[in-house]
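Novice: Each chain, letter by letter, is given below.
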Amino acid sequence: MNYHWNWGVFFQETPEGGTFYWEILLSGLGWTLAVSVVAWLIAMLAGSVIGTLRTTQNRWLTATGHCWVELFRNIPLLVQMFLWYFVIPEFVPPLKRWMVSTDPVYAQFISAVLCLGLFTSARIAEQVRAGIQSLPRGQRLAGMALGLTPLQTYRHVLLPEAFRIIIPPLTSETMNLIKNSSIALTIGLAELTFRAREIGEYTFSFFEAFTAATLVYVIISMSANRVMAVVERRVAVPGLITAGGN
Amino acid sequence: MPMIEFKNVSKWYGHFQVLKDCTTKVEKGEVVVVCGPSGSGKSTLIKCVNALEPFQQGEVIVNSQSVGAPTTQLPQLRAKIGMVFQHFELFPHMNVTENLNLAQIKVLGRSLDEATAKSQMLLKRVGMTDHAHKFPGQLSGGQQQRIAIARGLAMDPVAMLFDEPTSALDPEMINEVLDVMVELAQEGMTMMCVTHEMGFARKVAHRVIFMDRGEIVEDSPKAEFFGTPRSERAQQFLSKILHH
Amino acid sequence: MDFDVAIITAALPYLWKGFLYTVELTAVSAVGGLFFGTLLALARLSSLKPLQTVAAAYVNLMRSIPLVLVIFWFFFLVPLMLQSVTGAERPPQVGAERTAIITFILFEAAYFCEIMRAGIQSIPRGQVWSAYALGLNYSQTMRLVILPQAFRNMIPVLLTQIIILFQDTSLVYVISATDFVGAAAKVAQRDSKLVEMYLFVAVVYFVLCYSLSFAVKHLQRKIAVIR
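Protein chains in written order, with my numbering: chain Y, 686 to 931; chain L, 48 to 291; chain V, 49 to 275.
Just chain Y, same shape as in the assembly (with noise of 0.2 angstroms):
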């Protein structure tokens, strides 16, 4: 193959001078995990939410919950990206004056934010809807017996029971969400994927600059196992076999 090896790439300087690639990449990397850690709340909060509301006997709630998840789940993510930055602001005048004043970045970030955590939000709701189905009649039927509130039956007895069995679907869930955080860029939002590609188009080392950012995402998602592992362990219950324990 034709191509000229420069793996020392990193530790030039930009043309602007004063900062060198890798920081550059390093700003990159920390984008990624600012945009999914937010949109990560997001995504757990509203997806708790709804997945619980499609469980609920009544029959509105389950079909709010229902609407939600179709909608996010039918729209390719690009799109929805579009749709929060460029569409949804001219239809909220204030947004779009305040989007229009401020340093882009924070415009798209607000955009990205919102995007991935509402679509991830629906995959979650199904996943938690899914961990609630697959418990025991009875389990919500022994709370009631007690005295137990609905609100009170789902809080102390069915999620917790629910999100233990869940956690494995719960962190691919959150893999996905790192690994879409890169739609990002295509409103302009300078994470690793786009970094990786700034960098390629500067120096031509696209090789060397892609590799790094797939090494950066591999490293990402090995840690996330391992910590939603610990959790696992944490919170198992003696006595009980769960889906990913041994």
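Note that these hints are calculated values from the structure, not bench results.
The structure displayed is predicted, hence computed values, not measured ones.
For glycine and all other residues, C-beta sits at the position ideal for the given N, C-alpha and C.
Keep in mind that the hints are not guaranteed to be accurate.
As the list claims (entries may be wrong) - Computed footprint of chain Y on chain L; a stretch qualifies when at least three of its residues, placed anywhere within it, have a C-beta under 8 angstroms from a C-beta of chain Y:
(1) 49-60
(2) 69-82
(3) 133-146
As the list claims (entries may be wrong) - Computed from the model, here is a short list of chain Y residues facing chain V with C-beta under 7 angstroms:
(4) GLU755
(5) LEU763
(6) VAL772
(7) THR878
Could you slot chains L and V onto chain Y? The hints should help.
Specialist: For chains L and V alone, kept in the frame of chain Y given last:
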């Protein structure tokens, strides 16, 4: 006034009628055994007492409160009725003491110390003191069911409901659970038990109800039921479960 | 703000061309991905250790990096690979659309591999033993006995994955390929009609994907009944 009273209760799942005009009652301190073939509606009937199953027609009155009335506070009503399920339904993520404490604290508003003291007393009573900090998954079925009974008793119930409490147990564990139930009956607890354990019925029941296809076919004092059941269906049922 | 419907109707022929490319990309990647994915699954389940390791490494790598980065990787690598194969002086001009097809086949193969692996593992071992007992060899056992069953069991999952693939192909936007979204984006930017174009695209995708997943759910129930 009866502790539990059914007045012409009917229930449908879609077009299928699971309870047909059921009328019966359980007096204070009375032990009533409900039996019948599977699918006869006996589990559904007992779940109407604490409104775990809604019904469309008739009335159920528990402790002089109408279960179906819109003004009835179901959690408060349910807290006064203990219930034991076929599959125990202990909460697997809580240890034994936490299982007993949960509703005492959340529903009755007891302090953690009060609840724990009560739980310890009841665990002693069902012979489970040594297992207070174990999780349900670490216990045998018989042990779990005894804990489930203690969980119901922790609420100081005015009546206890048993929904096939021994039918998910291995044969060698059935007696440890029945012993607790017999003791409870002899102390004068009001009990409504769905069970096929006719030995238990002979020993402590005051009345036996026989159900078939959603109907109460027999409802008679124990001696009468085991002496001369009037219906053919009850006779068939009895001969099947007694000769086996 | 006013909503300009005329711009959508005017752009329809161009959008249709983009849409056709999206469908073509989805179909070709699904077929190719399923083919290579099945081979990968067989490799992962083979008794040859090196084959297992290589296949597992490929699948895990593909699944741990973002699709956007994979698309960039291949956009950069495909010309270089073709050059080293053909021995040409300069890297050939492949074009975003063709690169995208190669990318998606190889990327989806990793995901289809995991589906097919689960499908194959869901077939009881007795099926393999009875096929061998009848004197069939490995390839016959797989082709005639195991894979048809695995494939049938996995049809709903495979179809769901294809719906996801259909949505994911929109990411070829990042290498400026003119798929459905790419076509809409080009019109949107040329005429400054972002609201109209992106809303239109969203509605079209939603209607299609919602109906398709509804159909899959229906099919799943039907299959469940037949079993």
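Novice: Hints the structure violates: just list their numbers, smallest first.
Specialist: Structure breaks hints 1 and 2.
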